[in-house]
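Peer 1: Each chain is listed here by its residues.
There are 2 protein chains.
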Amino acid sequence: MDSWVDGQPADALSLKDRGLAYGDGLFETIAVRGGQPMLLDRHLARLAEGCSRLAIAADHALIRSELLAYAGALGEGVLKLILTRGDSLRGYAPDPSACARRILQGNPPSVYPAALGEEGIRLFPCATRLSTQPLLAGLKHLNRLEQVIARSEWQDTEHAEGLMLDHAGRVIEGVFSNLFLVRDGVLMTADLKRCGVAGVMRAELLFQAESAAIPTQITDITLDQLQWADEVFVCNSVYGVWPVRAYAALSWPVGPLTRKLQTLARALLDA
Amino acid sequence: MDSWVDGQPADALSLKDRGLAYGDGLFETIAVRGGQPMLLDRHLARLAEGCSRLAIAADHALIRSELLAYAGALGEGVLKLILTRGDSLRGYAPDPSACARRILQGNPPSVYPAALGEEGIRLFPCATRLSTQPLLAGLKHLNRLEQVIARSEWQDTEHAEGLMLDHAGRVIEGVFSNLFLVRDGVLMTADLKRCGVAGVMRAELLFQAESAAIPTQITDITLDQLQWADEVFVCNSVYGVWPVRAYAALSWPVGPLTRKLQTLARALLDA
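These protein sequence lines are chains H and D, in that order.
For the first sequence, our numbering begins at 5 and goes up steadily by one.
For the second sequence, our numbering begins at 5 and goes up steadily by one.
Source of the hints: derived by calculation from the structure; they are not laboratory data.
Heads up, some of the hints might be wrong.
Which chain D residues stay away from chain H? Per the calculated CB distances, all over 12 Å, these [to be verified]:
no., residue
1, D45
2, G76
3, A77
4, P129
5, P219
6, A252
7, Q266
8, T267
Taking lysine-lysine and the DSSO-like style, the derived pairs with C-alpha atoms no more than 30 Å apart in a straight line are [to be verified]:
no., chain 1, residue 1, chain 2, residue 2
9, D, K84, D, K144
10, D, K84, D, K197
11, D, K84, H, K84
12, H, K197, H, K84
13, H, K197, D, K144
14, H, K84, H, K144
15, D, K20, H, K144
16, H, K84, H, K20
17, H, K144, D, K144
18, H, K20, D, K84
19, H, K84, D, K20
20, D, K197, H, K144
21, H, K264, H, K84
22, H, K197, H, K264
23, D, K144, D, K264
24, H, K84, D, K144
25, H, K197, D, K197
26, D, K20, H, K20
27, H, K197, H, K144
28, D, K144, D, K197
29, D, K264, D, K84
30, H, K144, H, K264
31, D, K144, D, K20
32, D, K84, D, K20
33, H, K20, D, K144
34, H, K20, H, K144
35, D, K264, D, K197
36, H, K144, D, K84
Ideal Cβ positions, reconstructed from N, Cα and C, are used throughout, including at glycine.
Model the full structure from these sequences, guided by the hints.
Peer 2: What follows is the structure in structure tokens.
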């Protein structure tokens, strides 16, 4: 399907765009089923928080209506929204009168082997560490060189994802997923105040767990805690939940809470 | 002047470009005088190092010849080269067969008030800290949100530049400049192994100082050391050298080594 720029079909972007020049913008990757963008409110909430923290002025009602229209035309697939601070004048200083540029791209549905969800995955131990930057932590911004470098560390198909630590050795997230672990019935995921992307599926699973009276904990996670976990899984808003069965020399069974949340994620992504 | 993409006049870029999607690329900002790109070899050397460290395949001979041709057509001004990893397939994994996309943009000469160079400048104390990422430190890559946020901290014209520290409080650089200080005749600048951009003018001034038997030191710099400096200045490859006369409550005179290197930088930028 054709891409849209600011609501119009387009296949090219201004060379002055600050998304290109500085990665000055945000993005969302949204599953589309039956013409509907899945988990739309959570995607829009994260986007709005990113705009607020980066002081990017955007017309959020217009973004919502364009997402709905584009998803309706796409039908089934994955929609990517890139929001940039528009064209650059010159230098890093943003134009205070700029309004965000909206770029919509449609792709066919992601096809992952069913075995990843059924049998679970092996995580590649990425050497690339996430840097600490509280001003950007949690946001899905366009400065993603750390993920590009981390994803370049392995080419085999044996590892469906990689695990990224921060410089202090804390367990943070996958390259394109968030990570959860279960220990003594408690669902735990990394605190993303220093680095990491606060995923939409992560937020939804935390919400659903709390609604089901499953204890949750957002905290710093060490490799020791990972080792002693009863269950480990990764998630994102496109594939849902993948159990993790191995990381380096560690291994885990696919556990019952993982299966429960996987079923729930599947339902959320199959409108 | 028209921009070029891969050697051809163009005003737009593929929406799939990884520079837009992830900031997956590098750039150089080059002064052009009399149709010549100034400090070309140093710009090309930094670019080649960036390509090597990010594993971006590029035709460096072609880049050189295009820069020379573009600068010849531009005559006087500032040339910006953006080099991206080309179009994205899907996801963070780079296409191993990709060759870098070359984007050339021309701007009129930068017009800064002469007083900045003559009387010196006041540095804004940026609250935005640079994060530690040795894999990216020194490179002029396209992930520049920290600079965008830092440059948004002040709008007045009283501050021509801002000073950025790292998370440990070390003095690193300006938002778009490198910083030097002089103490007891030694020319000092920050070690950029953790963060910062290794500027072309910084490299050239270090080289020139060494050639003139001026002692140089690349080291970690504290705010205490900055306070007790005899001279402070900032530099880049467009404006040359600006003496720093104030930062927060600190102030310095414009010193003789600053003037000497400023004259030298001016000569380097006035072919």
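Peer 1: Hints numbered earlier in the text: which of these fail when held up against the supplied structure?
Peer 2: none
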